[in-house]
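For this one, chain H is given, so just place chain W on it according to the hints.
So the sequence lines, in the order shown, correspond to chains H and W.
In terms of this note's numbering, the first sequence opens at residue 1 and continues consecutively.
In terms of this note's numbering, the second sequence opens at residue 1 and continues consecutively.
These are computed hints drawn from the structure, not numbers from a lab.
Where a beta carbon is used, it is the ideal one built from N, C-alpha and C, also for glycine.
Worth double-checking, as some hints may not be accurate.
The list that follows gives simulated cross-link-like pairs (lysine-lysine, DSSO-like), each with its CA atoms no further than 27 Å apart [unchecked claim]:
# : chain 1 : residue 1 : chain 2 : residue 2
1 : H       : K318      : W       : K10
2 : H       : K294      : W       : K10
3 : H       : K15       : H       : K57
Heads up, incomplete: computed chain H residues facing chain W, CB under 8 Å, no partners named [to be verified]:
#  : residue
4  : D230
5  : F272
6  : S293
7  : K301
8  : S303
9  : Y307
10 : T321
11 : L331
12 : N388
13 : I401
14 : K405
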Amino acid sequence: MNFDDTPEEAAFRAKVRAWLDANAPKHLEAELRAASFGFQGVASEDPIGASKAWQKKKQQAGYACLHWPKEYGGGGFTPIERVIWSQEEGPFSALSAPFTIGHGMCGPTVMAWASEEQKREHLPRLASGEVIWCQLFSEPAGGSDLAGLRTRAERTADGSGDWIVNGQKIWTSGAHNADWGLLITRTDPDVPKHKGLTMFFLSMKTPGIEIRPIKQANGQQHFNEVYFTDVRISDAQRLGAVNQGWEVSLTTLMNERLSIGSGMPTGFPELFAYCMEAQIDGRPAVDDSGVRSKLAGYAVKASGLKYTAMRAITALSKGQTPGPENSIGKLVAGASMQELSMFALDLMGQGGVLDGEDQTQANARFQTMLMRSPASRIEGGSDEILRNIIAERVLGLPGDIRVDKDVPFKDIPTKGRG
Amino acid sequence: MDLDFSDDQKQLRETVRRFLTDRCPSTAVRAILEGPEPYDRALYKGLADMGLLGAAIPEEYGGVGLGRLELCVLAEELGRADAPVPVSSSIYLAAEFLLIAGSEAQKQAWLPRLASGEAVGTFAFAERAGRVTPAAIQAKVEGGKLTGVKVPVPDGDVADFAVVAARSGGEVALFLVDLEGPGVTREAVETIDPTRSQARVGFDGAPAEPLGAGAGWSVIEQVLDRAAVLVAFEQVGGADRALEMARDYALDRMAFGRQIGSFQAIKHMLADMYVSATLARSNAYYGAWALSTDAAELPIAAATARVSATQAFQHCAKNNIQVHGGMGFTWAFDCHLYYRRSNMLALGLGSLSTWEDLLIERMRRQNAPAAA
Chain H
1 MNFDDTPEEA
11 AFRAKVRAWL
21 DANAPKHLEA
31 ELRAASFGFQ
41 GVASEDPIGA
51 SKAWQKKKQQ
61 AGYACLHWPK
71 EYGGGGFTPI
81 ERVIWSQEEG
91 PFSALSAPFT
101 IGHGMCGPTV
111 MAWASEEQKR
121 EHLPRLASGE
131 VIWCQLFSEP
141 AGGSDLAGLR
151 TRAERTADGS
161 GDWIVNGQKI
171 WTSGAHNADW
181 GLLITRTDPD
191 VPKHKGLTMF
201 FLSMKTPGIE
211 IRPIKQANGQ
221 QHFNEVYFTD
231 VRISDAQRLG
241 AVNQGWEVSL
251 TTLMNERLSI
261 GSGMPTGFPE
271 LFAYCMEAQI
281 DGRPAVDDSG
291 VRSKLAGYAV
301 KASGLKYTAM
311 RAITALSKGQ
321 TPGPENSIGK
331 LVAGASMQEL
341 SMFALDLMGQ
351 GGVLDGEDQT
361 QANARFQTML
371 MRSPASRIEG
381 GSDEILRNII
391 AERVLGLPGD
401 IRVDKDVPFK
411 DIPTKGRG
Chain W
1 MDLDFSDDQK
11 QLRETVRRFL
21 TDRCPSTAVR
31 AILEGPEPYD
41 RALYKGLADM
51 GLLGAAIPEE
61 YGGVGLGRLE
71 LCVLAEELGR
81 ADAPVPVSSS
91 IYLAAEFLLI
101 AGSEAQKQAW
111 LPRLASGEAV
121 GTFAFAERAG
131 RVTPAAIQAK
141 VEGGKLTGVK
151 VPVPDGDVAD
161 FAVVAARSGG
171 EVALFLVDLE
181 GPGVTREAVE
191 TIDPTRSQAR
201 VGFDGAPAEP
211 LGAGAGWSVI
221 EQVLDRAAVL
231 VAFEQVGGAD
241 RALEMARDYA
251 LDRMAFGRQI
261 GSFQAIKHML
271 ADMYVSATLA
281 RSNAYYGAWA
291 LSTDAAELPI
301 AAATARVSAT
311 QAFQHCAKNN
321 IQVHGGMGFT
331 WAFDCHLYYR
341 RSNMLALGLG
351 SLSTWEDLLI
361 ERMRRQNAPA
371 AA
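Same shape as in the complex, but just chain H (with noise of 0.2 Å):
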């Protein structure tokens, strides 16, 4: 056992490293390092243009998608110097902000879906920074159930082949900066849900999109609402075959859950350094038997995500493919983070409600977590979600019974009371 590089490894490192020294916005890192959960952090220039900046620069030097082929405009890198890349980018890496549902989500689904003319025209604009992409996929009717999602396209009656579609997605991560989406929709509802759905990719500027911010629980605005009117779309947009959309469906919700190594912040290291401040009775929180307790049970579920993720990057290392204990990463970090920052609130006391510009940056740091936490715990498979997948893919127990598994989309009740 050890943590130390491969010769390769190391070689690619200091290569990455010296390049990164020499190109990196470095007068941006004390913004980005400053930055808040949430934020991406820049304030003093365009946030999208310095995102798109660094991108550009990233891609012509060959460290753009490290892990997709070259001929799309990736980097033709291996896993783990895709690991190795990330770990070197360091704050630079919350640049990357803006396109991570495009290089993580819907770059690979057109990968493994569009026509070669298609991957050709699109993958090296979005590996870039050129454009951004959205997942169109959530809606009101359609979180965690997604294939429950409601909006329709239909076959134009002129003989073109295009398609209409009508309804509302939600949820939609940066749609008002985004240049084109990979849209699902409800293509037959008279079959069972998961197979009536086709997926497509449109432009966001396409006439009868409208988009509109949604103003979340913590005050900020990072989601949309986008809805389609009479939104026409070429049958070349297409991916895949008509009402094979879950299958499609599926390279972009696997792909989300392949990102190794990105490790989500739990919070650990800033509540340490506070208790190490903060008083009771005189004397550092630190040092008080029921603050080390709870401290004690924090930092362990950070180390022991630090460590699985180094499991999966030995993995990797070896050319082997990780296991799956990857999946418990959102599940625990998420859940940690919201009970670390009202534990931190709970130290400073009544104080703890403050949420001001006048209070220090420690502080408002666990509000905003406090804040932003209950997100964490639903985005991207919600807890619940995320225990399904570990109860049914890891310990193979029993799916659901889904009550709606066979009956026409059109006569599933959407009714609950009443």
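Here is chain W on its own, set in the frame of chain H:
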């Protein structure tokens, strides 16, 4: 980056697992739980004959001269099988004390016999309820004679010798005491886990020789840290087995016309057990790395592994009973074997709260050397 066991070590794991599946089924554990024998002597002899007890003991002292990672592999399998043998007392504690602080003569005298299983050693530390601090050690040595009472002493009823923590000239020091010698009385005590015996050992002028050239509290901390990593592997093995038992029962048991493993209440409980067990395993690997490389981080890594593994085994063992429902609370089902062991191991090297405190104290010192 290589946070994993080597292929040879994985091969060893398979060998040990096959051996224990064959030689330590739950009927063998129950024979110790319900019978007069303090431990499974045949099983212990078998482990010795395979070279496993001496895995980390150098060849010059009768061992095999592998390393601590091989002991981690053995520990995980012993925990998984709930094995009723004194490996932790004799190998993780007594042998480590001798290797770290023993004199050449003491090593020559005892290590070959520990490796062969011919002799059993232990560590006599606690004297009463509560955290064992230097102030809590009342046993004392004067003129080479030890007086005091130690309880509970793991395997104290069967051990041939003990490393004993006792006061000497005001300081806590370590002594080697022949438990078959004069001035020693001992009796087995009842515990929550009768598959691993514990004793009350009285010393009344028992001859005691200093361990090595004089070892004290820092050696105790050092050895407890090393043992904590190994016991963490026993806990990780036990947690995995408890999770498997619960999973298997959830697949087999029908209620309300369906497998109970199809209810989300059960699935989510099992998923949470998997999360605990996975975190504990990853932390134990961190501990194994620190132990096997004598890293400066060992005190933090050991406490991390210990806290995480204690949480995981207790969590998995108690919820294993819950998943089994009423049947899980019968003597006939094996759930209580793991519930007993999980709670015994949680206390054996010092309680969870003790290790939580140690972990944060050590992190505090590391983060603020000036304040320490």
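Hint by hint, here is what the structure shows:
Restraint check for K318/H and K10/W: satisfied, since their Cα atoms lie roughly 15 Å apart, inside the 27 Å limit. Distance hint between K294/H and K10/W is unfulfilled; the C-alpha atoms sit about 35 Å from each other, more than 27 Å. Taken as a hint, the K15/H and K57/H pair is honoured in the structure, with Cα atoms around 16 Å apart against an allowance of 27 Å. Taking 8 Å as the C-beta cut-off, the interface hint given for D230/H is violated, the closest approach to chain W being about 40 Å.
Proximity of F272/H to chain W holds as hinted, the smallest CB-CB distance being about 7 Å (cut-off 8 Å). The criterion of a C-beta within 8 Å of any C-beta in chain W is met by S293/H, whose closest approach is roughly 5 Å, and the hint holds. For K301/H, the suggested interface contact is upheld, since its CB lies about 6 Å from the closest CB of chain W, less than 8 Å. At its closest, the beta carbon of S303/H sits 5 Å from a beta carbon of chain W; the interface hint therefore holds under the 8 Å criterion.
Look at Y307/H: its Cβ gets to within about 4 Å of chain W, closer than 8 Å, so that hint holds up. Proximity of T321/H to chain W is violated relative to the hint, the smallest CB-CB distance being about 13 Å (cut-off 8 Å). The interface hint given for L331/H is met, as the beta carbon of that residue sits about 6 Å from the closest beta carbon of chain W, less than 8 Å. The beta carbon of N388/H comes within 6 Å of a beta carbon in chain W, closer than 8 Å, and the hint placing it at the interface holds.
Taking 8 Å as the C-beta cut-off, the interface hint given for I401/H holds, the closest approach to chain W being about 6 Å. Annotation: K405/H was flagged as interfacial toward chain W, and the flag is violated, the nearest CB pair being 14 Å apart, outside 8 Å.
Of the numbered hints listed earlier, those contradicted by the structure are 2, 4, 10 and 14.
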